[in-house]
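Visitor: So the chains spell out like this:
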Amino acid sequence: MKSKNDLLNDFDHAGEYCYNIIKELFPLCRSITGNELRNTLLYFQSILPEMIIESVPSGYSALDWTVPFEWNIQEAYIEDAENNRVVDFKLNNLHVVGYSIPVDEWLSLEELQSHLHSLPAQPNAIPYVTSYYKENWGFCIAQEQRDKLDSENYHCVIKSELAPGELNYGELLIPGETDREILLSTYVCHPSMANNELSGPAVACALALWIKSLKKRKYSYRIVFIPETIGSLVYLSKNIDVMKEKVVSGFVLTCVGDDRCYSYLPSRAGNTLADRVALKALGEIDPDFIRYTWLDRGSDERQYCAPGIDLPVALVMRSKFYEYPEYHTSLDNLDFVSPDGLQGGFNALRRCISILEANVVPRIEILGEPQLGKRGLYPSFSTRDTFDVVKCMMGAISYCDGTMDLLAISEKIGRSFQEVSDALRPLIEAKIITVTEPFPPSY
Amino acid sequence: MKSKNDLLNDFDHAGEYCYNIIKELFPLCRSITGNELRNTLLYFQSILPEMIIESVPSGYSALDWTVPFEWNIQEAYIEDAENNRVVDFKLNNLHVVGYSIPVDEWLSLEELQSHLHSLPAQPNAIPYVTSYYKENWGFCIAQEQRDKLDSENYHCVIKSELAPGELNYGELLIPGETDREILLSTYVCHPSMANNELSGPAVACALALWIKSLKKRKYSYRIVFIPETIGSLVYLSKNIDVMKEKVVSGFVLTCVGDDRCYSYLPSRAGNTLADRVALKALGEIDPDFIRYTWLDRGSDERQYCAPGIDLPVALVMRSKFYEYPEYHTSLDNLDFVSPDGLQGGFNALRRCISILEANVVPRIEILGEPQLGKRGLYPSFSTRDTFDVVKCMMGAISYCDGTMDLLAISEKIGRSFQEVSDALRPLIEAKIITVTEPFPPSY
Amino acid sequence: MKSKNDLLNDFDHAGEYCYNIIKELFPLCRSITGNELRNTLLYFQSILPEMIIESVPSGYSALDWTVPFEWNIQEAYIEDAENNRVVDFKLNNLHVVGYSIPVDEWLSLEELQSHLHSLPAQPNAIPYVTSYYKENWGFCIAQEQRDKLDSENYHCVIKSELAPGELNYGELLIPGETDREILLSTYVCHPSMANNELSGPAVACALALWIKSLKKRKYSYRIVFIPETIGSLVYLSKNIDVMKEKVVSGFVLTCVGDDRCYSYLPSRAGNTLADRVALKALGEIDPDFIRYTWLDRGSDERQYCAPGIDLPVALVMRSKFYEYPEYHTSLDNLDFVSPDGLQGGFNALRRCISILEANVVPRIEILGEPQLGKRGLYPSFSTRDTFDVVKCMMGAISYCDGTMDLLAISEKIGRSFQEVSDALRPLIEAKIITVTEPFPPSY
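Residue numbers (my numbering), protein chains in the order written: chain R, 1 to 443; chain H, 1 to 443; chain U, 1 to 443.
Read the hints as simulated data drawn from the structure, not as lab findings. Here the structure is a predicted model, which means the values were calculated and not measured. Built from N, CA and C at the ideal position, the CB exists for glycine as well. Hints are supplied without guarantee of correctness; some may be wrong.
[Said to hold, decoys possible] Cross-link-like lysine-lysine pairs, in silico, DSS-like; alpha carbons within 25 Å at most:
id: 1; chain 1: H; residue 1: K134; chain 2: R; residue 2: K374
id: 2; chain 1: H; residue 1: K246; chain 2: H; residue 2: K218
id: 3; chain 1: H; residue 1: K159; chain 2: H; residue 2: K90
id: 4; chain 1: R; residue 1: K238; chain 2: U; residue 2: K374
id: 5; chain 1: H; residue 1: K431; chain 2: R; residue 2: K374
id: 6; chain 1: H; residue 1: K2; chain 2: H; residue 2: K134
id: 7; chain 1: R; residue 1: K134; chain 2: U; residue 2: K431
id: 8; chain 1: H; residue 1: K374; chain 2: U; residue 2: K238
id: 9; chain 1: U; residue 1: K134; chain 2: H; residue 2: K391
id: 10; chain 1: U; residue 1: K134; chain 2: H; residue 2: K374
id: 11; chain 1: H; residue 1: K134; chain 2: R; residue 2: K431
id: 12; chain 1: H; residue 1: K431; chain 2: U; residue 2: K134
id: 13; chain 1: U; residue 1: K159; chain 2: U; residue 2: K90
id: 14; chain 1: U; residue 1: K159; chain 2: U; residue 2: K4
id: 15; chain 1: R; residue 1: K391; chain 2: R; residue 2: K216
id: 16; chain 1: U; residue 1: K215; chain 2: U; residue 2: K431
id: 17; chain 1: U; residue 1: K159; chain 2: U; residue 2: K134
id: 18; chain 1: U; residue 1: K216; chain 2: U; residue 2: K246
id: 19; chain 1: R; residue 1: K374; chain 2: R; residue 2: K431
id: 20; chain 1: U; residue 1: K391; chain 2: R; residue 2: K134
id: 21; chain 1: R; residue 1: K431; chain 2: R; residue 2: K391
id: 22; chain 1: R; residue 1: K391; chain 2: H; residue 2: K134
id: 23; chain 1: U; residue 1: K374; chain 2: R; residue 2: K134
[Said to hold, decoys possible] Listing some non-contacts, in silico: residues in chain H with all C-beta distances to chain R over 10 Å:
id: 24; residue: T229
id: 25; residue: I285
id: 26; residue: R297
Okay, chain R solo, but in the shape it has when bound (with noise of 0.2 Å):
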């Protein structure tokens, strides 16, 4: 599968689609600004058409942070005495130290050192390394590189600019029945990195078609590409007070994209329904997922769950960002994602907005036990099987009382939400049972 028509035709197979977004944005030379994050964004609006690409200029205030200068960069090398280069940005763009000023100067080998970073550890990995808010250049190579390193000087050229500019971000609304909404943040700042992070953008897009391809969606969607802290801030900034009255859940997309493990990163809070959902949909998928805690945080749920901002914002991912050897190098490549891995982020996210959109909170309005067999609501047939639905469905109409929504049945009964919610369909069609929706999300 290669095409966006191929992708809404059967989202099981979103995996490959993602996979492919990857491998088209992998050699761009994205950072939180610059002329690589926009390519990066109309890429997406390509596929988006409705995503707005919205930016703010350099020196903006966002709550305590200020937008720093735009950076782009052409070329960068280091070369020795006969003109070889032992280290090219053209060969990998991890190469050079993001936000780096332009330098042109012969150094001693000593006097490069402290310009190098690598990484002892993994002699083979080039390492990831930014600074931002300070002026700064340098050069990350491969340990094994920096070892062979003999010569008595070096030319260094990084020919980049760092001038007042302005950062982008992408923006799609996507309405539904209520104006309650989901959030979706990913980022989009990271230069040549597979897991994290071309997977939570790629996962994000696929994600946008699917939403939009739902006949009914009960929640509106607010889907962000951005830059990881700064672009959070930039975007809370601007939409703190909407997104407080209306986000109902929310989720990071980040590390989506390897076929390890499933992790799940909870909110401040803990207990919102963000987290309800993220934990039973990943309970479901794979028992034996890694529960992180608050205090392993890293992404942007640090500005979206900070004290007076507080979304319910919770993080479903497969290998969490630090806590894999190949994250922050130039070995989350490729290779560590996979279609497969892709398609298994795609899915955990998908099915927790599946369980959003469907839960409600019922209510059944017979007193006792209702009369199954005359509405033709109970298996003809006992078998091992209709026993087990029945045993379901019983269970559920026993807790709809109208104090627990259809999330916290199935945990009350141990059953998936899919099962709770397919028993309690037929009740619900014949009134039976009415609903009402959960929010303001109070349980």
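Given chain R's structure and the hints, the job is docking chains H and U onto it.
Guide: Below, chains H and U alone, put in the same frame as chain R:
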């Protein structure tokens, strides 16, 4: 012990009395309606003259349900071409599917098979099968008997009536000092089975005699002998308002006759006064009692605890319905229950009621520890025994802050309800501690 | 270290100072009244001149209790027919049952036995026995001494007085910036025993000196030296209203002198600020500290936490009363306690008080994470150490939502109180975080 008078002198031998009731009522072919149900109620009325036998007509609307026709049966058998009765209702009334319509036809063995019920895994057991709400007929036989059927044709005869009539139940109201009520509900619709279900009505009868024998009763008692499910629905349809107002705790009495274990099944809410009492009483009798969950429910608690009804009704049982191999078969017979088993069931419920009757909210009227010595409330000899009594007393006093009932205090200090009750009695008599009633049961 | 001046320069050697106090006061035959109690109070007054020594007369009504006659003793011995003193109060004041009435009679050995107390299981220990509220007399001796008694008759002499007099206690109020109080209560009624109980008054005295030495005190301190039980009842009878209004946390100081373990005994409520502080402080000092329950109580917490009094008073101890073999015997002597043991007790209580003094409710005044770099609040060098500090700081900041005190935050992020306090201090100084006082202690 056989007679009611013997029982009234010694409730510690109630098990024998109950066993004799079961023996006498065992042969009757009870169902949810009919003559034998009425005869069973008349039998209990002869012991408990204050019991009123109520009736509702077929077609009566009981919440979501409708009372079916009344069913009576005279004879039923299967005979072969040589007039040998290979199955005969006279030998065991489980042989006929409950509510079987009349039949008198010759069937081929193959045709007959679809009307036979047996249990391959329990080849010597006759299963118990009913079809109250869908017209049907059938025979239940032991698998080993079924395997012997080898004639070509069989003559199936069921002389039954399914016609407008009535549904009956017994209601016994025993007044107490207050109009707050304890509900005891048991069911009388099962034919020849002993633990499930003649043990419930037999123990309910003995408990009613014991309750009547109490010199002082704080609570009024509502004791009902009903057909299961449809009976509780009928009873609720007539009494729900008064029950919601008055019932402080209730118990469904079922499966209280064998001697294998003790079991507890919670109310839907799980933390009502009935639950707290049941847990305490069972914990004192047998710390290894089995704790089921609301998902394991199966009797009239399904109605009493349904959303909107929400009565505080729990179950204290011996071997729970569904959970023992003999359940709903001819093996649940007079050998499965025993006087000792029934005595255990009686004792467990009696302990629940005793705790409820004695439970009060104590409040100490003195600031700081009371000086018990000056009131002669401190043991004058100090031994290991008195040390333990004093420790219990001082522990209990320390929690007499007016927010906990005796039950909560006994849980808090890890003592039996009786120990705590005994320890505080002298202080209550000395008016150092005042008490209030624990209803409305807010903790 | 011996002198008060030494102590004021180095509270990290308070153990030695306390040990010297214990040595000096050890020989005095204290009881709940009498000259030696007064002398003990005068001793502490000489160190803490602001301490006021109060008195109430015999017969004074203290809540439910009455202050007994004052007891003084000059001499007591048992001699045989040859005038050999086989037991002599001069050698150990535990030899006489506390509050023994005067006696001067010849008894047969058999008659004498009923007036003797010994411990068969600890043959070399003299037990500590009293009879405050019932007139009695007796001698306490080692079992091995008792076994040697073989004369026919013994002359028992106790030269004591039990007569109207007074009960005394010491009260020290150290004012702070607010009128919210920390209560420290210790008891001074035990004769020659060291852990239980001279360690409490000695450590209370050192703590009082340390508290006075603080340049800044948020809380006022109410430090009382009282006879156990009757003293706290007397003190409460006079001060309960002001204490209920002002006391934010309190500790009974007892058994803080040996070096075997640390122990915690909760308030009756179990979750007061005093409990939270005690658990945190002990957890930081020794994660293996022993957690007793309210059922193990035994000192003045019985009064302070009684229903209706309900002060937030917990106990931080070394080896708890009742629980060590030497308890209430002559083996609880100067060998059982040690400067190190006392220093540990002092440190634990000092840590509790330090936490209380530093505990505030922080609220961050910035939405989203603050940009610490621009304020110079972010370490400029990134090392493993600074990483840990930053992680602690960012974790703490993330909980500065105005609903948690520093104590709660430190529990939440699994750091010591000091680490959290240190991490947030620069932000408080920079006014990024504002603080409010954690009282009334509502969490």
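Visitor: The structure should be examined with respect to each hint, and the outcome stated for every one.
Guide: Taking the hints in turn, this is what the structure says about them:
no. : hint             : verdict
1   : K134/H to K374/R : 10 Å, holds
2   : K246/H to K218/H : 13 Å, holds
3   : K159/H to K90/H  : 12 Å, holds
4   : K238/R to K374/U : 22 Å, holds
5   : K431/H to K374/R : 61 Å, violated
6   : K2/H to K134/H   : 42 Å, violated
7   : K134/R to K431/U : 24 Å, holds
8   : K374/H to K238/U : 22 Å, holds
9   : K134/U to K391/H : 20 Å, holds
10  : K134/U to K374/H : 9 Å, holds
11  : K134/H to K431/R : 24 Å, holds
12  : K431/H to K134/U : 24 Å, holds
13  : K159/U to K90/U  : 12 Å, holds
14  : K159/U to K4/U   : 37 Å, violated
15  : K391/R to K216/R : 30 Å, violated
16  : K215/U to K431/U : 23 Å, holds
17  : K159/U to K134/U : 18 Å, holds
18  : K216/U to K246/U : 19 Å, holds
19  : K374/R to K431/R : 14 Å, holds
20  : K391/U to K134/R : 20 Å, holds
21  : K431/R to K391/R : 20 Å, holds
22  : K391/R to K134/H : 20 Å, holds
23  : K374/U to K134/R : 10 Å, holds
24  : T229             : 8 Å, violated
25  : I285             : 28 Å, holds
26  : R297             : 8 Å, violated
In this structure, the hints that do not hold are numbers 5, 6, 14, 15, 24 and 26, in rising order.
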